[in-house]
Amino acid sequence: MPRYLEGNRGGTKVNRSQIAVKAQVKAKQEGLEVPSHMTVYRILQTIIDEQALKKNIRNPGWKGSKLSLRTKDGTILEPEYSNHVWQCDHTEADILLVDSSGKIFKRPWLTTVIDTYSRCIVGINLGFDAPSSMVVGLALRHAILPKDYPSDYQLHEQWGTYGKPEYIFTDSGTDFKSHHVQQIASQLGITWKFRSRPSEGGIVERPFGTINTQLLSTLPGYTGSNIKERPKEAEKSACLTLNDFHKLVVQYIVNNYNQSLDKRTGQTRYQRWEAGLTVIPSLPTERELDLCLMKQTRRTVYQGGYINFNNLSYKGEYLSGYGGEQVILRYDPSDITTIYVYKQDEGKEIFLCRAFAQDLESESLSFYEAREITRQIREKGKSITNNSILSEVQARELIVKEKKSRRQIQKEEQNLLKQQLSPQKVEPIGKDENSKENEPDLLVETENESVNVYDYEEMIDNYGW
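Residue numbers for the sequence shown follow this note's numbering, so the first one is 1 and each next one is one higher.
Have a look at the derived ranges for each label pair, beta carbon to beta carbon:
| # | residue 1 | residue 2 | range |
| --- | --- | --- | --- |
| 1 | I48 | K28 | 19 to 29 Å |
| 2 | V21 | I48 | 13 to 23 Å |
| 3 | G347 | P150 | 32 to 42 Å |
| 4 | H180 | Q154 | 30 to 40 Å |
| 5 | F351 | T278 | 31 to 41 Å |
| 6 | Q154 | E363 | 18 to 28 Å |
| 7 | T39 | E80 | 31 to 41 Å |
| 8 | S225 | F356 | 37 to 47 Å |
No farther apart than 30 Å at their CA atoms in a straight line, the calculated lysine-lysine pairs in the DSBU-like style are these:
| # | residue 1 | residue 2 |
| --- | --- | --- |
| 9 | K164 | K193 |
| 10 | K106 | K147 |
| 11 | K295 | K193 |
| 12 | K295 | K343 |
| 13 | K164 | K295 |
| 14 | K315 | K380 |
| 15 | K263 | K164 |
| 16 | K147 | K247 |
| 17 | K106 | K295 |
These aren't lab readings, by the way, just hints derived from the structure by calculation.
All values reported here derive from a predicted model rather than from experimental measurement.
Cβ coordinates follow ideal geometry from the N, Cα and C atoms, glycine included.
I would like the entire structure built from these sequences, with the hints used as guidance.
Following this line, the structure appears as structure tokens:
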């Protein structure tokens, strides 16, 4: 029986009829009721089915042309249309980013939300926070709302996905099982299901490898997935800020990944998402989605409608009437130039207005950048104001821009140097094209040219090659 259940690997083949006969003989020897062949077959099939479910495969099960996902509670999900089942997961991106001053910061976390039916990436969150319920909430908010980006993102297509899913299918990590995430799901009418085993996560994990291979490996600061094999130039070449990297990731997803052809369907992922919609997606209001912005704090409103938060001064319309009162602030850590102000009233949160960081309306500033800038200003013995932070932001942006320019110049110099040192192809004098048609070209070095000798180690120090 073990040989049969293991697929008859090696040795003599065994069939189920032989097992039935052996079972009957054994039953007689033990004085037990002799089972029929059909009883033995039924028991064998049950064992085989259970083993198939336990196989550690990375691809989820297919039943014909339908995908089948098994949840931890035994439910079978078969995604049949767009926004039916979404999946969500995180990865620490294999790239080193710099802060606003050009100093090496660290690797960012990328969270993606995938529509299982179409395989479209419908939403992301990118930042330095490790996976948490807050990160999950921000990724869901981005996935649910329509997405619009300014012209400097250089998008050739639209990131047209939006709407609420019926189900979200994830692993059982604490970030997904938290009270906050389950509260979001309940309020938005989403059913949250957990994988029965890690192998069910192939669909949401596979895009990380694709992004790593097709995008990250082409960027400065790429570390590789194996720290022992990290490129030597990873730290020296790093020059992208989080904002730079965000633009590149969005460009790749919208212009490339979601527009890639799926050979199984003959459609791009985005075309399949559009074609797979059974109804026009419904949308919660932005205020309903503010629950996804978990980061919150309390502050007192000053006379004139001002609020101080993270060493920044904010002004909000309608706040002047709440001077002296305490309010709740919700914010996105990736950009705190805008915060959302709520008032607690009989156990409910009532939205008052959005408040904007004074003199920083046209800037983008993360919670962590603001904290680092504040530290730098304090070290210089200067007073911290919105204007001092703005000046620091602009100065740092200039430093990063100059650093990128230097690297571009170095790259151009390197290419020019390669051209100068490479041998030139020269046609032999008097070559008869008709008689020597197949004669190989000769490579000769040009005469009377001075050859520059470069110190490789010195060039590494100077240019970061």
